[in-house]
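Colleague: Residues per chain, in single letters:
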Amino acid sequence: SQTIHQWPATLVQPVGSPLSLECTVEGTSNPNLYWYRQAAGRGLQLLFYSVGIGQISSEVPQNLSASRPQDRQFILSSKKLLLSDSGFYLCAWTNHYGYTFGSGTRLTVV
Amino acid sequence: SQQGEEDPQALSIQEGENATMNCSYKTSINNLQWYRQNSGRGLVHLILIRSNEREKHSGRLRVTLDTSKKSSSLLITASRAADTASYFCATVFQGGKLIFGQGTELSVKP
Chain A
1 SQTIHQWPAT LVQPVGSPLS LECTVEGTSN PNLYWYRQAA GRGLQLLFYS
51 VGIGQISSEV PQNLSASRPQ DRQFILSSKK LLLSDSGFYL CAWTNHYGYT
101 FGSGTRLTVV
Chain B
1001 SQQGEEDPQA LSIQEGENAT MNCSYKTSIN NLQWYRQNSG RGLVHLILIR
1051 SNEREKHSGR LRVTLDTSKK SSSLLITASR AADTASYFCA TVFQGGKLIF
1101 GQGTELSVKP
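Each protein sequence line maps, in turn, to chains A and B. Its first residue numbered 1, the first sequence is counted upward by one per residue in the working numbering. Its first residue numbered 1001, the second sequence is counted upward by one per residue in the working numbering.
It should be emphasised that the hints constitute simulated quantities derived from the structure, not laboratory data. Each residue gets a CB set at the ideal place from its N, CA and C atoms; glycine is no exception. Mixed in with the good hints there might be a few duds.
What the hints assert, rightly or not - A few chain A positions that, by computed beta-carbon distances, are all more than 10 Å from chain B:
| no. | residue |
| --- | --- |
| 1 | Ser17 |
| 2 | Thr24 |
| 3 | Arg68 |
| 4 | Pro69 |
| 5 | Arg72 |
| 6 | Leu82 |
| 7 | Gly104 |
Claimed, not checked - In silico lysine to aspartate or glutamate, EDC-like type, Cα no more than 20 Å apart, as pairs:
| no. | chain 1 | residue 1 | chain 2 | residue 2 |
| --- | --- | --- | --- | --- |
| 8 | B | Lys1109 | B | Glu1017 |
| 9 | B | Lys1026 | B | Asp1083 |
| 10 | B | Lys1056 | B | Asp1083 |
| 11 | A | Lys80 | A | Glu22 |
| 12 | B | Lys1069 | B | Asp1083 |
| 13 | B | Lys1069 | A | Glu59 |
| 14 | B | Lys1026 | A | Glu59 |
| 15 | B | Lys1097 | A | Glu59 |
| 16 | B | Lys1026 | B | Asp1007 |
Required output: the full structure, derived from the provided sequences and hints.
Modeller: In structure tokens form, the structure reads like this:
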């Protein structure tokens, strides 16, 4: 069956520290992959999406970057976190039949 | 902005009542989707309605789409306390990007 794994569930990081959030998908090949961020009480903002290995499209200018080193792996990174990077980060994938979301990572930058 | 916009932003009803949430969007679409998010959790896909459909049902959910008005509504009939969650509409744009509205926070009181 098709599943998506996202970890960690919660993360507290100091300002200026690096970040690496990982998302992996099972049971499908060549999916489109997405990273979203959700601020408290708000909708989801699309940060990055990828249609294939090494192909990353950035939707908004920001302090974050994304990489897709393998077909079913999508990584969200930052070299130096800002307070404004705090939020709920969601990974998602689609095979064009529907979108499936991970359980999310709540990042608090202190 | 390409995002959909939901109204109301928040809705509080009693168990057994119907809940109606609306979504408006700005550009032509192939389909419109509704998602549910329990507090602090990932999103769950509820229903998809294609641009050539006007109404769709799934259990207690009824979705309508009016492409001439660029709007959709989600009706939850006979609501239950367990329906308490945030509900988002989303539309798919070029490249498979799923863009969300700001959501409606539904509270169903027992």
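Colleague: State for each hint whether it applies.
Modeller: Hint-by-hint comparison with the structure:
no.: 1; hint: Ser17; in the structure: holds (23 Å)
no.: 2; hint: Thr24; in the structure: holds (15 Å)
no.: 3; hint: Arg68; in the structure: holds (14 Å)
no.: 4; hint: Pro69; in the structure: holds (20 Å)
no.: 5; hint: Arg72; in the structure: holds (16 Å)
no.: 6; hint: Leu82; in the structure: holds (22 Å)
no.: 7; hint: Gly104; in the structure: violated (5 Å)
no.: 8; hint: B:Lys1109 with B:Glu1017; in the structure: holds (10 Å)
no.: 9; hint: B:Lys1026 with B:Asp1083; in the structure: violated (28 Å)
no.: 10; hint: B:Lys1056 with B:Asp1083; in the structure: holds (19 Å)
no.: 11; hint: A:Lys80 with A:Glu22; in the structure: holds (17 Å)
no.: 12; hint: B:Lys1069 with B:Asp1083; in the structure: violated (28 Å)
no.: 13; hint: B:Lys1069 with A:Glu59; in the structure: violated (27 Å)
no.: 14; hint: B:Lys1026 with A:Glu59; in the structure: holds (18 Å)
no.: 15; hint: B:Lys1097 with A:Glu59; in the structure: holds (10 Å)
no.: 16; hint: B:Lys1026 with B:Asp1007; in the structure: holds (15 Å)
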